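Residue numbers (our numbering): 1184 to 1334.
Derived by calculation from the structure, the hints in this document are not laboratory data. No experiment lies behind these values; they were computed from the predicted model shown. We treat Cβ as the ideally placed atom computed from N, Cα and C, and that holds for glycine. Fair warning: there could be bad hints in the mix.
Claimed, not checked - In silico DSS-like links for lysine-lysine, alpha-carbon gap of 30 Å or less: (1) Lys1263 with Lys1293; (2) Lys1197 with Lys1263; (3) Lys1240 with Lys1319; (4) Lys1285 with Lys1226; (5) Lys1202 with Lys1286; (6) Lys1212 with Lys1285; (7) Lys1304 with Lys1278; (8) Lys1209 with Lys1278; (9) Lys1212 with Lys1304; (10) Lys1194 with Lys1285; (11) Lys1303 with Lys1194; (12) Lys1237 with Lys1226; (13) Lys1212 with Lys1231; (14) Lys1194 with Lys1259; (15) Lys1212 with Lys1286; (16) Lys1194 with Lys1237; (17) Lys1304 with Lys1231.
As the list claims (entries may be wrong) - Pair ranges (Cβ atoms, derived): (18) Ile1262 with His1227: 21 to 29 Å; (19) Pro1189 with Arg1217: 43 to 51 Å; (20) Arg1315 with Gln1191: 40 to 48 Å; (21) Lys1259 with Gln1288: 23 to 31 Å; (22) Thr1188 with Glu1289: 38 to 46 Å; (23) Val1208 with Ile1317: 15 to 23 Å; (24) Lys1263 with Phe1229: 14 to 22 Å; (25) Lys1304 with Ile1277: 19 to 27 Å; (26) Asn1322 with Glu1274: 35 to 43 Å; (27) Glu1289 with Trp1255: 21 to 29 Å; (28) Trp1215 with Thr1264: 17 to 25 Å.
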Amino acid sequence: MDVLTPEQRTKNMKAIKSKNTKMEVKLAKELWARGYRFRRNSKHVFGKPDFSLKKYKLAVFVDSEYFHGKNWQTEKYRIKTNREFWWNKIESNIKRDESVNKKLQESGWKVLRFCSGEVKKNVDFCLLTIEREIQKRNNAEILGSKGKTKD
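Based on the provided sequences and hints, a complete structural model is requested.
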């Protein structure tokens, strides 16, 4: 049973942002400052990643710990109200994230997922992870193009 009225719950849920969260903005500013160009929430990339770097086929998501079930097997028991609703919602989010990851990977994309807490506490680590993946993809592209001749 929910402790809030339907109107209060609606107001609370409407206040939760799905785009341009503080941590997404923080990561975006750092990526842009380092010269990386990206699309935000591109409808042309499956799953509408928070950041897509098409040149490198790299999809980056910044996920909320709560709504995406970080440490779900232990954290789910902390939910005290409306447990059935939240368990179903968060577990369906986890399944959706897995299917998005799988579909993108099958299409040749690399998927990176960061929890908003990771970005908040250590944005440099997140950037380093992204830059390493870009470097790997650049190296693979260079190696793949060696030996090819134009007709």
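Hint check:
With a C-alpha separation of about 36 Å, the suggested pairing of Lys1263 with Lys1293 is violated against the 30 Å cut-off. About 21 Å separates the Cα atoms of Lys1197 and Lys1263, which keeps this hinted pair within 30 Å; it holds. Pair hint Lys1240 plus Lys1319 holds up; C-alpha atoms about 12 Å apart against a cutoff of 30 Å. Taking the CA atoms of Lys1285 and Lys1226, the gap is near 17 Å; set against the 30 Å cutoff, the hint holds.
For the hint linking Lys1202 to Lys1286, the alpha-carbon distance of about 22 Å falls within 30 Å, and the restraint holds. Taking the CA atoms of Lys1212 and Lys1285, the gap is about 28 Å. The hint holds against a cut of 30 Å. Distance hint between Lys1304 and Lys1278 is fulfilled; the C-alpha atoms sit about 26 Å from each other, no more than 30 Å. At roughly 27 Å between alpha-carbon atoms, Lys1209 and Lys1278 fall within 30 Å of each other, so this suggested pair holds.
Straight-line distance between C-alpha atoms of Lys1212 and Lys1304 comes to about 16 Å, which keeps the hinted pair within the 30 Å bound. About 34 Å separates the Cα atoms of Lys1194 and Lys1285, which puts this hinted pair outside 30 Å; it is violated. For a cut-off of 30 Å, the pair hint linking Lys1303 to Lys1194 stands: about 26 Å separates their Cα positions. Restraint check: the Cα-Cα separation between Lys1237 and Lys1226 comes to about 12 Å, which is no more than 30 Å; the hinted pair holds.
Only pairs whose Cα atoms come within 30 Å are accepted, and Lys1212 paired with Lys1231 is accepted, the gap being roughly 19 Å. A hinted pair counts as satisfied when its Cα atoms are at most 30 Å apart, and Lys1194 with Lys1259 qualifies at roughly 24 Å. For the hint pairing Lys1212 with Lys1286, the CA-to-CA distance comes to about 28 Å; that is within 30 Å, so the pair holds. Restraint check: the Cα-Cα separation between Lys1194 and Lys1237 comes to about 36 Å, which exceeds 30 Å; the hinted pair is violated.
The straight-line distance between the Cα atoms of Lys1304 and Lys1231 is roughly 25 Å, inside the 30 Å bound, and the hint therefore holds. One distance hint, 21 to 29 Å for the beta-carbon pair Ile1262 and His1227, is violated here, with the actual separation near 36 Å. Checking the proposed 43 to 51 Å range against Pro1189 and Arg1217 shows it holds: the Cβ atoms sit about 45 Å from each other. Between Arg1315 and Gln1191 the C-beta distance comes to about 45 Å, which sits within the given range of 40 to 48 Å.
In this structure, Lys1259 and Gln1288 meet the distance hint of 23 to 31 Å, their C-beta atoms being roughly 27 Å apart. The hint said 38 to 46 Å for the Cβ distance between Thr1188 and Glu1289, and at roughly 44 Å that hint holds. Against the hinted window of 15 to 23 Å, the Cβ-Cβ separation of Val1208 and Ile1317 comes to about 21 Å, which satisfies the hint. Checked against the hint of 14 to 22 Å, the pair Lys1263 and Phe1229 fails, with Cβ atoms roughly 36 Å apart.
In this structure the hint that Lys1304 and Ile1277 lie 19 to 27 Å apart at CB holds, the actual value being about 22 Å. Taking 35 to 43 Å as the suggested C-beta distance range, the pair Asn1322 and Glu1274 conforms, at roughly 38 Å. The supplied range of 21 to 29 Å is met by Glu1289 and Trp1255, whose beta-carbon atoms lie about 24 Å from each other. The hinted window of 17 to 25 Å between Trp1215 and Thr1264 is violated, with their beta carbons roughly 40 Å apart.
Taken one by one, the earlier hints fail for this structure at numbers 1, 10, 16, 18, 24 and 28, listed in ascending order.
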